[in-house]
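Engineer: Residue numbers (my numbering), protein chains in the order written: chain A, 1387 to 1726; chain B, 1387 to 1726; chain C, 1387 to 1726; chain D, 1387 to 1726; chain E, 1387 to 1726; chain F, 1387 to 1726.
Treat the hints as calculated values from the structure; they're not laboratory data.
Note that the Cβ used here is the ideal one computed from N, Cα and C, for glycine as well.
It is possible that some hints are incorrect.
With a straight-line Cα cutoff of 30 Å, these simulated BS3-like cross-link-like pairs (lysine-lysine) come out [claimed, not checked]:
id, chain 1, residue 1, chain 2, residue 2
1, F, K1615, E, K1713
2, C, K1554, C, K1615
3, F, K1554, F, K1593
4, A, K1713, B, K1615
A partial selection of chain B residues facing chain D, derived with a Cβ cut-off under 10 Å [said to hold, decoys possible]:
id, residue
5, P1395
6, D1405
7, Q1408
8, G1410
9, L1414
10, W1416
11, S1417
12, S1421
13, W1423
14, A1425
15, P1493
16, D1495
17, F1685
Restraint-style ranges between C-beta atoms, simulated for each label pair [said to hold, decoys possible]:
id, chain 1, residue 1, chain 2, residue 2, range
18, B, D1495, E, H1696, 44 to 52 Å
19, C, P1393, A, E1562, 29 to 37 Å
20, D, A1403, B, M1591, 54 to 62 Å
Protein chains: 6
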Amino acid sequence: MTDSLPPSPISCDLDLARDGAQHGFLRLPWSRDDSAWGAVMIPISVIRNGAGPTALLTAGNHGDEYEGLIALHDLAATLDPAQITGRIIILPAMNAPAFRAGTRTSPIDGGNLNRLFPGRPDGTPTQKIADYVTRHLLPLADCVLDFHSGGRTLDFLPLAACHILPDKALEARCREAVAAFGAPYALQMIEMDAVGMFDTTAEAMGKTFVTTELGGAGTATPRSIAIAKRGLRGFLAQAGILAGDEGATTQAAWPETIWLDMPDGDCFLVSEEEGLIEPLVTLGDPVMRGDVVARIYPFGRSGRMPLSCHARRDGIVMARHVPGLVKPGDCIAVFAVPVS
Amino acid sequence: MTDSLPPSPISCDLDLARDGAQHGFLRLPWSRDDSAWGAVMIPISVIRNGAGPTALLTAGNHGDEYEGLIALHDLAATLDPAQITGRIIILPAMNAPAFRAGTRTSPIDGGNLNRLFPGRPDGTPTQKIADYVTRHLLPLADCVLDFHSGGRTLDFLPLAACHILPDKALEARCREAVAAFGAPYALQMIEMDAVGMFDTTAEAMGKTFVTTELGGAGTATPRSIAIAKRGLRGFLAQAGILAGDEGATTQAAWPETIWLDMPDGDCFLVSEEEGLIEPLVTLGDPVMRGDVVARIYPFGRSGRMPLSCHARRDGIVMARHVPGLVKPGDCIAVFAVPVS
Amino acid sequence: MTDSLPPSPISCDLDLARDGAQHGFLRLPWSRDDSAWGAVMIPISVIRNGAGPTALLTAGNHGDEYEGLIALHDLAATLDPAQITGRIIILPAMNAPAFRAGTRTSPIDGGNLNRLFPGRPDGTPTQKIADYVTRHLLPLADCVLDFHSGGRTLDFLPLAACHILPDKALEARCREAVAAFGAPYALQMIEMDAVGMFDTTAEAMGKTFVTTELGGAGTATPRSIAIAKRGLRGFLAQAGILAGDEGATTQAAWPETIWLDMPDGDCFLVSEEEGLIEPLVTLGDPVMRGDVVARIYPFGRSGRMPLSCHARRDGIVMARHVPGLVKPGDCIAVFAVPVS
Amino acid sequence: MTDSLPPSPISCDLDLARDGAQHGFLRLPWSRDDSAWGAVMIPISVIRNGAGPTALLTAGNHGDEYEGLIALHDLAATLDPAQITGRIIILPAMNAPAFRAGTRTSPIDGGNLNRLFPGRPDGTPTQKIADYVTRHLLPLADCVLDFHSGGRTLDFLPLAACHILPDKALEARCREAVAAFGAPYALQMIEMDAVGMFDTTAEAMGKTFVTTELGGAGTATPRSIAIAKRGLRGFLAQAGILAGDEGATTQAAWPETIWLDMPDGDCFLVSEEEGLIEPLVTLGDPVMRGDVVARIYPFGRSGRMPLSCHARRDGIVMARHVPGLVKPGDCIAVFAVPVS
Amino acid sequence: MTDSLPPSPISCDLDLARDGAQHGFLRLPWSRDDSAWGAVMIPISVIRNGAGPTALLTAGNHGDEYEGLIALHDLAATLDPAQITGRIIILPAMNAPAFRAGTRTSPIDGGNLNRLFPGRPDGTPTQKIADYVTRHLLPLADCVLDFHSGGRTLDFLPLAACHILPDKALEARCREAVAAFGAPYALQMIEMDAVGMFDTTAEAMGKTFVTTELGGAGTATPRSIAIAKRGLRGFLAQAGILAGDEGATTQAAWPETIWLDMPDGDCFLVSEEEGLIEPLVTLGDPVMRGDVVARIYPFGRSGRMPLSCHARRDGIVMARHVPGLVKPGDCIAVFAVPVS
Amino acid sequence: MTDSLPPSPISCDLDLARDGAQHGFLRLPWSRDDSAWGAVMIPISVIRNGAGPTALLTAGNHGDEYEGLIALHDLAATLDPAQITGRIIILPAMNAPAFRAGTRTSPIDGGNLNRLFPGRPDGTPTQKIADYVTRHLLPLADCVLDFHSGGRTLDFLPLAACHILPDKALEARCREAVAAFGAPYALQMIEMDAVGMFDTTAEAMGKTFVTTELGGAGTATPRSIAIAKRGLRGFLAQAGILAGDEGATTQAAWPETIWLDMPDGDCFLVSEEEGLIEPLVTLGDPVMRGDVVARIYPFGRSGRMPLSCHARRDGIVMARHVPGLVKPGDCIAVFAVPVS
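Work the whole structure out from these sequences, hints included.
Structural biologist: Okay, here's the thing in structure tokens:
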């Protein structure tokens, strides 16, 4: 389908086929009131050492999810090409305007990059980024690691994830890559609303694809950053790009990854009300169906009893709402079930 | 000085001298484009049972600090007047517009309530709130508990705090009230920039005053809320308002409160740069002068080494910067010294 | 055409086939900066009593048109299923974000819902609402009543309306439904710019369709609300859903509905200037071609004579511009001709 | 007090002492980002014919109240100096930036001009306007007519008003001027929150002062404009400036003015809730204490019963809330008592 | 392709086939919150005198480029039909909302008109303008002159330009028209990113097309306006519409037009950094590859050496960045090579 | 007066009394929604070499005036302490937030720094900057050079300026310093609205004070920067701080400075209209009283004749309006008279 599209207006100032470490920009023309012939500059690094597999490593798909942004900036600044076999392409801030603004979506066009794949070369700036990645970078890659966390409004148990796929061989490869990432938790999921996702686009092209949710609340911690850095090296080692002794073994792995499952839509607890939220459970806590997991104090007069929010299934708290206020439609919590 | 001021335009629809539990509003006239004869409605509860001391309990001084907001809404909704002796006046959302917006300062006038005391009756809406509290509520109070935490941009070790004061008898009373609050940490401090603070205004009127920093990051957790609720009851019990068996003993106290000191300005680590911040230490971690406690990746090209931020003194991490991006002038961390 | 579209991302938490009164939400996933996994919650009520025709009742197509919003909230709260035969599906605030904001269009995406039918499941949130109504609710309906009035910038004589249609049998049914609504005025019109309208989409599916213009100026009055409530019951009675003695007879009908016609484009008087507008005629006033119906004082120096705006045809004033200022392109007035 | 103030930065390009009709500007320097050496231009007209009293006529004190704006633009454009004795100074848009924006308050500085008298020459632009009027125009005037109506958010019975004053001779003069204005209703009131009002400043200087509330809803109608124009001429005739046969007699007066009284604070009905408002009474309707005068449907789920708002005293509806949505603190209605 | 599109919603109130001078509007319906049935009004003038060629003259394609806006307003106000043979259609402010706002793009929808050709009748307002011009005005024209300059963020040597085209006969006609314009500089260029441009659309229809860059910096000067006015008359004379003695000879032509060439992408110098920019060369200056043409002082601490920006090829400065600050992706300078 | 003020909250991290070159920050605490304990960081450099006079050099008083910003950043980065005798204190971006935003006034509080002197330590951030400069830096200085130009909305002939002062000895010193600056033009003026200016505050403390207007239009050119750099060195040489051979002689001076006078208020030409402006004269052009110096095309219909703007006195054009659109109250041009 994409073959009939016009060429991408984005240009890259690196030679992706050259050995060594290079750092430059994808340049996306963006004519606007404050820069008639301006451009969006998206940093890119490529590190190559001879023949071998190619990994595409991305963060900043959402601009306020920080573990991957830090781990990939660190990798780009410190990795010696001699340590690898093959090629690593790094987009540490894939939606660069969102990263710069500290927001999930692009301040330029409101675009949520992970809902706009495979993109369009003649669309919005965010669609143009998706299109360039789809048509120019994904075809070069054998495996893809796309870092996420909860952003400013959600917080997650640290996990790596892959999808249940029709292509079972691909599914197995993805699952192995998740295991190699070695996060405290792992999740294998069916995506319910997969339209526009980077994941779906890459998987449809047969690429080994790993995504993560490593924390959130609009911040990163030494622990969540360590999980990202360690997982990144485990992923590259498993892909055969990073020598083993530069990879997983350089940092202590978690003793055991707990695999999680999300059996149905009752995993999601959504608010119908607005007000001040009092959470009664937090990440990792076990809950039983019917438990009161949060209370909401409506705005207005004090002295009124809060509304109770009940869990709709048994499980553990995998994700939680962060802001102190809640709006109708907000996700209060996500519950998952450990796989025995 | 305040005696020559014009009367406050704020009216209260409760009779603060009446026994029982009442819930109503402070009504602050606010004529504006979208409501010609509109008003700001500030919820207030008063719970009284005969003669006895009066406690003024406030939260929402900053609108994005949630532990106190929750604990006071809970108290107003559940406290039976029969449980107390004296009077409790509760302003669960003192800067109501800021609370409603989920912001530190008021969306109406940009006012930071805790920099505008003692306020003005003919000033901005936020100044009018400060003035009403100063001239109409503080005079009724024997003791004051003002809840804070770090808000959306800072996170704190959970602590209650009082000031080093010229009036040593008052200082001792405040210190006892902090101890009764029973948080995991306690801080006795000299305020460097005390102009406009609620604390200063209340202390100058001889009131026992306790403030807190109970967490932050724009959220609250079951643990931080429990500290707030337990501390609130400990404070009221120590003030002689809440019977002991309704107070501290109803919830398990922390085994031991650790007192902290902030000896000098080197406790504050301020960023001179902007970029993506990688924290290397977190709350409670010990640091030595010269340790690299954070790294900053400047915006722009990837592949560059980050800038290092060094601790300027020994101590433990008492507060930390939350957002994943940092700006020049942002507080990266605050260090404190445990008092042996 | 719509059959090849992807499924709607909207889910409904009601069982539309069940007897009784149910109240819930259409849930439209809306990932955004302030709620990563958030949703738009659109209230929906369904009231059913056995077999029989289905009426789809909608208001809040534009968010600032209040008579229908009130009449449908009232109906949903008070109608006993035993009073009806068949089913009533109520969307009291079809463009819920616009209703919540008090604006014509959606604050989320700027969408004017009544220009976006039949919608798209992969478009903007407003397009997704249109698509869900088109593909999931319209097919269930026999007749549709969509409430409008002038909103904040126009004011109308209270009228119900239908279109002149190629399908004369459908046109006759619509005309009878307008008569049953029983507003003081009725209008049968040719829509000049019908692209994207709910009306056109429903009529193309063969549904009896009635729309209204019941007042405006961003407000509702006891009289205009009474017209809406009475018309609503008349419409349902005529459709065979509401028993006659629960319908039109419960409230005094207008003695006579005056039918209006809009013969040509000269019915619209458009301003070419900006300034302070002085209306010389008001709703229902008769005008002759060439009459000065308004004067405009340009901004700037006082002491200048105003510009005169002349009626371009004979008629009565059916709609008028509300705001005290006028801009180039604003509709100053609409004239219609009573049908003898 | 004002004598020690620095000079006003505002200059007037008219000679207010010259005979004839002149039209020009008050020029208020306003340096800003989009005009380094810019100015606010406030239109002013002066019409003089020999010795005699001076009337100061103002509208646009609030920028969205249109009857006076129209009547004064009309007067400035059409009055022949030969028709008068003395002098008329016209500020048709006193808060010119608010008028230009169609808002109650100034878009420049948020200033509500009628809360900022007597103003400051070194304050905000709105304060500078108040100061210039206070120190340069009020001293020239014998009588002042300041036009108001309800603006975009309130609607009033058409009335002229004066205050109950300590100086009973002045009060009598004001009352006579209100009578000469000849609106359908008249109101004599005690101002509860008079700080910053133009009224108070003018009355304190001993000027005959009349204010009005002539309608509202952000619009004007032929009837409300006629009341304004007729009242204006009646006022000028009573002041001895306009010859009788040019004054009140040129337009049919209302047969009888109904005087109203506002005995206490229960005249104001204020909302404590937010939601969709259904008014049950309208302007001029009689109400009894306890009557349900409005219902409020909270946002969210449909199918819930609305909240009822009860009148707190007997009276007639003198003013009503306009927008279809209501917020906590909004004035729902004002009740007054006809004086027998 | 465009034949299957729905009809344009834009109407024109002029008869383009009538002799004489007419001035009116293109009316684009634009329903919105502040005008439910509002419209965008785009001024249009047509001046016709019998049979003969038609020129379409446009300015305000970008709203902040002023020479053409002035020259076409002047022409529309002063041209006597008797002076011409044929027809001139003038759109002095093609993107009228952008012109009114003083911005490159439309404040309504963010549309950059010159990236949205050939437009859509069912798209955004800016797309609707492009569609109307493409389908209703371009077919009437023999030749098109579209005025541009650098806008607020770029400044250019004054030049007229045409494209290198596959149709060499058309290319020759365009080149002759550029020569007739007679600006100090002329440019023949290959457009690298021609998608959406007015130029491309007109050329594809076989129209003689001339564009210009006549200055910039968000302003116009007597000299740049004179170049526009003289070029406009030269263009019309060469097209056989304006008699020679009314055309080029009425104003002194530049003695010689210097033709420029842009051989490759190295003509563009783009910033990778943000900061305070110190330009070292200006318009018309010669540069050699490697010359430092600008320095950038990064924000933050003073006392640091600036970054140097080097020319990537020999040439003269044809365009320069205007604002005192520079952002990553901004065009610092454009270099061109005089054709010997 | 200022002695009774509270201490400034601003701290400086440099030792201004130390020899050598130091670069650091003034730190202004600024608590806000996006940084609870944030600060404004204002860069400062001090270069000292033993005893001698002190010069205070400031730019960025207005944030969009670039010549001084560039010259002072250059000086701070390149000046060797050995080249001077005494001390130079450099504030290259005095209103740092305005500089960072590229705006005349502060984006934080709207403050125009040059209207807020002498400032307040308990006021807005901009007032706090003024207060710190007044109370902590001005007392250290013997002479002050404050760089200005026209900013984004005005453009000036390049000039240095001083005031006519009551203290004739000070006036003479200022005049000598202006002469030493050696700009193409010089201006000695009476400030009409001197309230709040840095100039007035410094002069009242007896400091030699020079200000400039070196260009504008929101940009800087190689020529205007050269004037700034040369003038800066001439000023320092005349002050006895910079050795002569490092000063004026290092760059070619203008052969002759032309002194200008502004005799009266007719020097300013102010627009009463809004529209598209066509300037007929430019900087340096001679004009005679009554000359048409600009034309204004009102918005709306094309084909109308423009309004003419006439010079109100003889002179040369010293400053001009930059944007292509003009608003009522904008300064169209400033005329000055060369002193023979």
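Engineer: Does the structure break any of the earlier hints, and which numbers would those be?
Structural biologist: 6, 7, 15 and 17
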